[in-house]
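> Be aware that the sequence shown starts at 97, since it is given in my numbering, and climbs by one per residue.
By construction, these hints were calculated from the structure, which means they are not laboratory data. A hint or two may mislead.
Lysine-lysine pairs mimicking PhoX-like chemistry, simulated, CA-CA at most 25 Å apart [said to hold, decoys possible]:
{"hint": "1", "residue 1": "K138", "residue 2": "K160"}
{"hint": "2", "residue 1": "K163", "residue 2": "K138"}
{"hint": "3", "residue 1": "K138", "residue 2": "K204"}
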Amino acid sequence: RDSMRFLVCVLLLSIFVGQGQALAHSNHDVISGQTAVNIASKTVKQLAFKDFGFEVGKLNASWKELKSSNFNVVEVLEDSYIVSATNTASENTIFFHIGNNGQVLNVKNNNTFYKLD
Numbered sequence: 097r098d099s100m101r102f103l104v105c106v107l108l109l110s111i112f113v114g115q116g117q118a119l120a121h122s123n124h125d126v127i128s129g130q131t132a133v134n135i136a137s138k139t140v141k142q143l144a145f146k147d148f149g150f151e152v153g154k155l156n157a158s159w160k161e162l163k164s165s166n167f168n169v170v171e172v173l174e175d176s177y178i179v180s181a182t183n184t185a186s187e188n189t190i191f192f193h194i195g196n197n198g199q200v201l202n203v204k205n206n207n208t209f210y211k212l213d
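Can you build the whole structure from these sequences, using the hints too?
Below, the structure is given as structure tokens:
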């Protein structure tokens, strides 16, 4: 019985860890703007191989070199943050829509995120 609970826990943990960006704050506390920036910073490095609304591999390697100063909270919404990432080498900016729970909801070339009713 205990081994079955353990296996279920391990399975559930594996599923959630696979959803890495959703576990940024597994205790479900509301994240801060700085935490949203940190999540965007980590996520931009993954965009070369993971789809967060961009085509996989769309960002070139120069995006992995961004510093924390390249990220800014541009909007604080009731249930989320919009964080910009500016690549000075390519003169491009992308925007991250990050939920208050730390989940990356979307990534776009522009700041046009709409709240679904």
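> Take the hints in turn and mark each one as holding or not.
Okay, the hints, checked on the actual structure:
Restraint check for K138 and K160: satisfied, since their Cα atoms lie roughly 9 Å apart, inside the 25 Å limit. Distance restraint check for K163 and K138: the Cα-Cα separation of roughly 11 Å lies within the 25 Å cut-off, and the hinted pair is therefore satisfied. Between K138 and K204 the CA atoms are separated by roughly 16 Å; this keeps the pair inside 25 Å, and the hint holds.
Violated hints: none; the structure is consistent with every hint.
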